[in-house]
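The whole structure should be built from the sequences, with the hints applied where relevant.
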Amino acid sequence: MSFTLPALPYAANALEPNIDARTMEIHHDKHHAAYVNNLNAAIKDTPLDSMSIEEILANISKQSPAVRNNGGGHWNHSLFWILMTPGGGNMPTGALSDAINSTFGSFDEFKNKFTSAGATRFGSGWAWLVANGGKLSIGSTPNQDNPLMDVSDIKGTPILGLDVWEHAYYLNYQNRRPDYIAAWWNVVNWDEVAKLFAGAK
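Per our numbering, residue 1 is the first one in the sequence shown, and the count goes up by one each step.
A portion of the hints provided could be inaccurate.
Listed next, the in silico SDA-like pairs over lysine to any residue satisfying Cα-Cα at most 20 angstroms (straight line) [what the hints assert, rightly or not]:
#	residue 1	residue 2
1	K135	P92
2	K44	N59
3	K30	Q63
4	K113	N101
5	K111	K30
6	K44	P65
7	K195	P92
8	K113	N90
So the derived label-pair ranges between C-beta atoms look like this [unchecked claim]:
#	residue 1	residue 2	range
9	T103	G123	26 to 32 angstroms
10	D49	S106	44 to 50 angstroms
11	D49	S102	42 to 48 angstroms
12	A95	Q174	36 to 42 angstroms
Hints in this document: simulated from the structure, not taken from any laboratory. All of these numbers come straight from a predicted model, not from anything done at the bench. We put the CB at the ideal spot given by N, CA and C, even for glycine.
Next comes the structure, spelled out in structure tokens:
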């Protein structure tokens, strides 16, 4: 079973001015496509060929670096695209809002903690909001690791993920990762995050 590159759910320029079209094109068409192609090459003619990406990630400690890096890259980016939307960035509502407020004290406090997780991740990686047994927590992972992996320090179902690799922002924001994160909040798709939260319970 070979994996395929999912289409962006909106035009490449749809998230401007927060994320520019050229960055989206390179990020999706080049970086994500490479993860998919390299993952397919790494699992070809192996038992992994018949597994879902989630099954592969759950036992990633037993796999090669190529499977870990490219499998994570494919899963992470497939989630990342749907967690953004043109005209997003409002506020979560309903059960998700209640859970954020009860866990972190307020939406602003949650935002500060999540921003810090992304801003302070050394080198390349991701910031995550995960749900685990109805409880929320924030953390980060290096490279293309994620909370579904048995090697991850933070465990649970990712419901919000932020790519802080330089390729996600360098054309527009250069080395200003905090500026990129601040802009990214304007495109978060809270409806999708709420759906993932509901499904994770």
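Hints versus structure:
The hinted pair formed by K135 and P92 meets the criterion: a straight-line CA distance of about 16 angstroms does not exceed 20 angstroms. Annotation: proposed proximity of K44 to N59 holds, straight-line Cα distance about 18 angstroms (limit 20 angstroms). In summary, the hint linking K30 to Q63 is not supported, as the alpha carbons are separated by about 24 angstroms, beyond the 20 angstroms threshold. Of the pairs offered as hints, the one joining K113 and N101 holds, with about 13 angstroms between alpha carbons and a cut-off of 20 angstroms not exceeded.
Using a Cα cut-off of 20 angstroms, the hinted pair K111 and K30 is violated, with the two alpha carbons roughly 30 angstroms apart. Between the alpha carbons of K44 and P65 the distance comes to roughly 15 angstroms, so the proposed pair stays at or under 20 angstroms and holds. Only pairs whose Cα atoms come within 20 angstroms are accepted, and K195 paired with P92 is accepted, the gap being roughly 11 angstroms. Of the supplied pair hints, the one linking K113 and N90 holds, its CA atoms being roughly 18 angstroms apart against a limit of 20 angstroms.
The hinted range of 26 to 32 angstroms is satisfied by T103 and G123, whose Cβ atoms lie roughly 28 angstroms apart. The given range of 44 to 50 angstroms is respected by D49 and S106, whose C-beta atoms sit roughly 47 angstroms from each other. The hinted window of 42 to 48 angstroms between D49 and S102 holds, with their beta carbons roughly 43 angstroms apart. For A95 and Q174, the Cβ-Cβ distance of about 39 angstroms falls inside the hinted range of 36 to 42 angstroms, so the restraint holds.
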